[in-house]
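Q: These protein sequence lines map, in sequence, to chains A and B. Letter 62 of the first sequence, counting from 1, is numbered 62 in the working numbering, and no numbers are missing. Letter 289 of the second sequence, counting from 1, is numbered 1289 in the working numbering, and no numbers are missing.
Watch out, some of these pointers could steer you wrong.
Said to hold, decoys possible - Partial list, derived from the structure: chain B residues whose beta carbon lies under 7 Å from chain A: (1) GLY1064; (2) GLY1098; (3) MET1101; (4) GLU1103; (5) ASN1137; (6) LEU1140; (7) ALA1141; (8) ILE1143; (9) ARG1147; (10) TYR1160; (11) GLN1220; (12) TRP1252.
FYI, nobody ran anything at the bench for these hints, they're computed from the structure. For clarity, every value in this text was computed on a predicted model and none was experimentally measured. Just so it is clear, CB atoms sit at the ideal spot from N, CA and C, and this is done for glycine as well.
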Amino acid sequence: MLPGIEPLNPLLHLPAQKLTLGCPVLDRLLRGGLPVGSVTEIAGESAAGKTQLCLQLLLAALLPPSSGGLSAASLFIHSEFPFPLRRLRALSSSSSAADPLDHIFVAAAHSPDDLLSLLATADGLLARPPTHLPVRLIVVDSIAALFRSDFDNNPKDLKKRSFLFFKIAAKLKEQARRFGSVVVVTNQVVDVVGFEEGANGQRVGNYTSLWSSGRRVCPALGLSWANCVNTRLFLSRKDEVADDGGSSRTRRWMQVVFAPHLPEASCELVIVREGVCGIEPQSRRTMAGHATSKRLAMASLDVT
Amino acid sequence: MSETSRFRSLEDGHGALKGAQTAWDMLSEEQMQKHITTGCEELDAILGGGIHCKEVTEVGGVPGIGKTQLGIQLAVNVQIPVECGGLGGKAVYIDTEGSFMVERAHQIAEGCISDLLDNTAHRLKDFPACPERLQPNSFLANIFYFRICSYTEQIATINYLEKFLEEQKDVKIIVVDSITFHFRQDFDDLALRTRVLGGMSLKLMRFAKKYSLAVVLLNQVTTKFVEGSFHLTLALGDTWSHACTNRIILYWNGNDRHAYIDKSPSLRSATTPFLITGKGIRNATSHCKRVRMM
Chain A
1 MLPGIEPLNP
11 LLHLPAQKLT
21 LGCPVLDRLL
31 RGGLPVGSVT
41 EIAGESAAGK
51 TQLCLQLLLA
61 ALLPPSSGGL
71 SAASLFIHSE
81 FPFPLRRLRA
91 LSSSSSAADP
101 LDHIFVAAAH
111 SPDDLLSLLA
121 TADGLLARPP
131 THLPVRLIVV
141 DSIAALFRSD
151 FDNNPKDLKK
161 RSFLFFKIAA
171 KLKEQARRFG
181 SVVVVTNQVV
191 DVVGFEEGAN
201 GQRVGNYTSL
211 WSSGRRVCPA
221 LGLSWANCVN
231 TRLFLSRKDE
241 VADDGGSSRT
251 RRWMQVVFAP
261 HLPEASCELV
271 IVREGVCGIE
281 PQSRRTMAGH
291 ATSKRLAMAS
301 LDVT
Chain B
1001 MSETSRFRSL
1011 EDGHGALKGA
1021 QTAWDMLSEE
1031 QMQKHITTGC
1041 EELDAILGGG
1051 IHCKEVTEVG
1061 GVPGIGKTQL
1071 GIQLAVNVQI
1081 PVECGGLGGK
1091 AVYIDTEGSF
1101 MVERAHQIAE
1111 GCISDLLDNT
1121 AHRLKDFPAC
1131 PERLQPNSFL
1141 ANIFYFRICS
1151 YTEQIATINY
1161 LEKFLEEQKD
1171 VKIIVVDSIT
1181 FHFRQDFDDL
1191 ALRTRVLGGM
1201 SLKLMRFAKK
1211 YSLAVVLLNQ
1221 VTTKFVEGSF
1231 HLTLALGDTW
1241 SHACTNRIIL
1251 YWNGNDRHAY
1261 IDKSPSLRSA
1271 TTPFLITGKG
1281 IRNATSHCKR
1291 VRMM
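The following block holds chain B by itself, in its conformation from the complex (with noise of 0.2 Å):
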């Protein structure tokens, strides 16, 4: 077959399938998509620009390393405004263990705030309105809250989900603060846990694209036996793997906080340093390691 008549046979095959794509349109809409900053610039560039709209992405590392430091910066993130390159969007945060603290996402917003403030001067200057979206209690009234005290909450949190994304289409990123922590306990249906957890990435996996926003699972580590030695693993892996579009693993290199790209169908796996300062994440300084390419 020559290359016009193949190409046309595709054209045709469109119309017939209604709701598919062709791999030219998958392609200019992949290039338009739209990112969600980290605070960390180096973050963002082994990130392809930030963390995507319409893909699920799981975080995962140890307790203390930073993973609701990075879940409360991007609920705050979402809500750069369009004038100062970012979405102008708001987050729903659902937390399923009680990490969430209103002061430090106070502190947070207002790290975001004083940046912005700082290096988009000169644009938001024309935009007289916006000094006044540019308060941190403005910044914490477009996150919202859940709070989860049982898996079975948890379902229904994402059920309800389903309508009220319908109705709040501001709503650009959602981020679960963690999504394995009810899911830990001992379950008398294993078949059940897993049957669950399913169907929540699946439910999860359609908010992205349906609504094009950024889902963001925060996730515990675990240590697994295996052959006769201890590995830190990503805690019910073997369940979730499959569901999530990117991994970002942060862990600890000597006294550095470093973020590690373990997966993603696009990025090849790279890692760098970040910091969390009283502003957030924000990038290592600049004598820090560069970032390393693996």
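So that you can see chain A by itself, here it is in the shape it has in the complex (with noise of 0.2 Å):
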């Protein structure tokens, strides 16, 4: 059943409301947050942050618009085992919403095919709604370890495995679109061995390579899947050893790489118990900044 075709003034139709990252200088580099009504990927590599960023976008949905958030529930699809109940239950103890965990749906996808089936499913859970709450956060976390296993390199599989990527993203957007949704989907990354050799030497986005734990990698799944996103944004990290020899760091970014409402930018950030943190650029500190920012250098927790 067609809905009826009409032209729109974007002005009027189109939404132009954010979500945010719970994190004001995060929320600077992405001009608000993370756009409704599009697909945002997060790539990066194991422990980069991914899911922690995740989680914390599950409770800023909660939030009312006035604070960047939707008011809204959340549906988790995971890939990864086991779901991270624990850091999620920690998070949410400095929740302003009452019952937080009330509020976010939780569904577990082993294959492609179980992830269009939930999706399938998720059209019921987005148009009559459990709670009194509309779902209007879908994160899929993540969309690497869904084809891990089932597909070979040879071009046969490779085809198959980039019509699933179309029909799944193709979903995704129907809902993001359709609902009024924030739709965010995690990536791994692969390593690039050499340059311009294979799909994966081709530049995609803002930077020629992307660095992570000293190594040049790539989002996964080719330049199929990158065709399926609207923003792609990348989280890396590097060790860094002190000058006098002794304690060692990591230190993390966040960069666009690509997105149609955003240029080329990035920022630091870090993992503390509140979450993850953006780090205002050197300049703009204040002393009072200076102080905080110190703190949270000083705080840096890896929080696995």
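Starting from two chains that each stand alone, build the complex the way the hints lay out.
A: Structural data, given as structure tokens:
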């Protein structure tokens, strides 16, 4: 059953709403946060902070729009196990919403077909939310894990895999549009060997190369999947040994690889007990801010 | 046959073939052909003035290279008033991927208007009504936006345009962003997919000619495994390649964005750098490489 076709005035009918990342510095990087009606990919290596950021978004969604939230429940589809319930509980204890965990729906997917049938079922959840809050955030963590085992590296399997990318992406985009949702998909990274070699050698986005933990990497699932997301963000990390040779600390960054509404930009961040926080660039810090950033730097615990 | 009698028989044949044109008619019409500026003078130059009305132009490139940016820029630039050398037209924007962001379109409209006010101030002062029209919100209101979520919606929308364009004669550009996204899933019947794409492309070509508008189709790129190695090609290229009069490829050359004319009936292959700025698509700064003729 096709809806009536009618031209829209973009100013009046397109969503401009954004979901806060829970940190004003990161929000500034992204000009407000993650856009509604759009698919944002967060790519990064293991322990880069992808899941942490997703959990933060689940709670941010519950905030009222005046605080950058959506006053909405969320659907979290995970393909990596186990689901980080303990971390979510810890984060939610500082949430201002009553019973935040009541408004977060969690489902597990073990394969691409699992994900597709979950998303089909999710139409019901989105259309008739079980709690009084609409579901307006969908997170898939991660898309890469779903395609790890089933497909070999021959052209026929890659083609089959590619069909599934477009089917999944079309479904997610339709739900983003129909229900005014924010869709977030996390992705892993693979090593890039050599330059201009194979499908992974092709430059995609604002950076000639992406680096994490001293290795040149690129988001998994190739050029095909890259065509399926509207915005690609990259989280990276680097372990640095202090000049005195003693302590080492982990530095982290978020980069905008491509986005229809954002220029190339990046921001350093830390992961603390409260979650993922951006670090104000050096020049903008005030004296008070300096003290805060020192505290953040010292408290930079790797929450795994 | 002498030169004059040859010419006469062409004239005699002209009346009998209703709707036919002589080559002279076509040539003079082509010289009056309207163009839409891309915002980058050097790209306009290698395009022979800009994006041509009455023709279908395909624009391909990797994610993030600037296809949507160019699409939105054209939907804005088509509205440049006639007094300022533009078409004073409206735009249809068919968004199949959800890439169109109002805030970015607003920025691009602002950038276009600000450059118009700077560059054509001398012309504008004779047309006092202009400044009221030159507001970003008016530019946005002149974009007829359609959001497509499936290939059936895409077909239905293009069919809908049949009647729509009859009523909205001001529309001078149709942008489809992107044309192939919904066709890259698995189709049980590949012959159906080819027929559907073929039908769509014929319709769009007809719209271009009948309503003297530009049709711009943004397309994704894919890697094709040919003879043991990967090559970059436009998505669904085989089913599509004949349908477009012109083809532009956007690509990275080191850290610079470039545009390359891949197909054109009248233009030589050429390449030029371009920039994406806060204001939209613009010329690369003068110290960049000059336009290279291939």
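Q: Any hints from earlier that this structure breaks? Give me their numbers in increasing order, please.
A: Per hint list: zero violations.
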